[in-house]
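Peer 1: Sequence:
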Amino acid sequence: RFIPRLLVLPSTRAPPPAGVPLLRVIISLFACLPGQLNDAMPSLVGMLLAELKNAFENSVPSNYISMLFQCVSLAIYNSNALTLSIIESEGQTIAVFSNWLQFMSKFKKEFEIRRIVFGLLALLKIPAANLPPVVQQQLPEITKQLATLAGQVYAERLKCLEGNEKYIAKGF
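The numbering of the sequence shown is our numbering, which starts it at 192 and goes up by one.
These are calculated hints, taken from the structure and not from any lab test.
One or more of the hints may lead you astray.
[Unchecked claim] As a list, the in silico DMTMM-like pairs of lysine to aspartate or glutamate whose alpha-carbon atoms are at most 25 Å apart: (1) Lys357 - Glu301; (2) Lys244 - Glu332; (3) Lys299 - Glu332; (4) Lys316 - Glu301; (5) Lys335 - Glu303; (6) Lys299 - Glu347; (7) Lys361 - Glu332; (8) Lys335 - Glu356; (9) Lys300 - Glu353; (10) Lys316 - Glu303; (11) Lys357 - Glu347; (12) Lys350 - Glu303; (13) Lys316 - Glu248; (14) Lys361 - Glu347; (15) Lys300 - Asp230; (16) Lys316 - Glu332; (17) Lys350 - Glu279; (18) Lys300 - Glu332; (19) Lys297 - Glu347; (20) Lys244 - Glu281; (21) Lys300 - Glu281; (22) Lys299 - Glu248; (23) Lys316 - Glu281; (24) Lys244 - Glu303; (25) Lys297 - Glu248; (26) Lys297 - Glu332; (27) Lys300 - Glu347; (28) Lys299 - Asp230; (29) Lys316 - Glu279; (30) Lys299 - Glu353; (31) Lys335 - Glu279; (32) Lys244 - Asp230.
[What the hints assert, rightly or not] Between beta-carbon pairs, the in silico distance windows are: (33) Asn254 - Lys357: 27 to 35 Å; (34) Ser219 - Pro324: 30 to 38 Å; (35) Asn355 - Ser296: 26 to 34 Å.
On a predicted model such as this, the values are computed, not experimentally measured, just so you know.
Cβ atoms here follow ideal geometry from the backbone N, Cα and C, with glycine treated the same way.
Construct the entire structure; sequences and hints are all you get.
Peer 2: Written as structure tokens, this is what we have:
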């Protein structure tokens, strides 16, 4: 009953920023329940695809688009083959992956990058022969983006550790 109620909210809510709390719930579900949402995946991924399409057709804040891509990434992490088959069946493979790859440079915060990395790694776990042709063609770019994002996460972690060391050195 909870998942269908979530899916009604996007159609009845105010402009996209009001949808941020809903996306936070979806992110939490995907991150905490890998493989346990398969029955709800078609509805959840379908809603995300509709929101992404709307976001690219209308003027939507980039933080909302970022959250949508984080949701898609975690959907792939949650159930990689199923999510890809849903995206493919909706005819959104080209739109999702081309826009996602173009948007990669806009992920700046460590938690955003980490979510994207989880999804990209889950994508690479699928044998290449089982990937949609469009995704197969993008594998070199996906791998390149994954390496770039891993470097960004590492740099962010170093900054955090340096800050912690300074704080400890001061004696709290």
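Peer 1: Is the distance from the Cβ of Asn254 to the Cβ of Lys357 consistent with 27 to 35 Å?
Peer 2: holds (29 Å)
Peer 1: Can you confirm whether the C-alpha distance between Lys299 and Glu332 stays at or below 25 Å?
Peer 2: Cα-Cα ~19 Å, so holds.
Peer 1: Is the Cα-Cα distance between Lys299 and Glu248 25 Å or less?
Peer 2: holds (23 Å)
Peer 1: Taken at face value, is the distance from the CA of Glu248 to the CA of Lys316 at most 25 Å?
Peer 2: violated (32 Å)
Peer 1: Keeping to a limit of 25 Å between CA atoms, is the pair of Lys300 and Glu332 held or broken?
Peer 2: holds (21 Å)
Peer 1: Holds or violated: Lys361 and Glu347, Cα atoms, limit 25 Å.
Peer 2: holds (22 Å)
Peer 1: Holds or violated: Lys299 with Asp230, Cα cutoff 25 Å?
Peer 2: Status violated; Cα separation ~32 Å.
Peer 1: Next pair to validate is Lys316 with Glu301; report whether the Cα-Cα distance is within 25 Å.
Peer 2: holds (22 Å)
Peer 1: Are the Cα positions of Lys300 and Asp230 separated by 25 Å at most?
Peer 2: Not satisfied, since the Cα-Cα distance of roughly 31 Å exceeds 25 Å.
Peer 1: Do the alpha carbons of Lys316 and Glu279 lie within 25 Å of each other, as the hint requires?
Peer 2: holds (18 Å)
Peer 1: Taking 25 Å as the top limit, are the C-alpha atoms of Lys335 and Glu303 close enough?
Peer 2: Given that 25 Å is the threshold and the Cα spacing comes to 17 Å, the pair holds.
Peer 1: Would the hint linking Lys300 and Glu347 be met if the CA-CA limit is 25 Å?
Peer 2: Cα-Cα ~8 Å, so holds.
Consistency note: the structure conflicts with the earlier hints numbered 7, 8, 13, 15, 17, 21 and 28.
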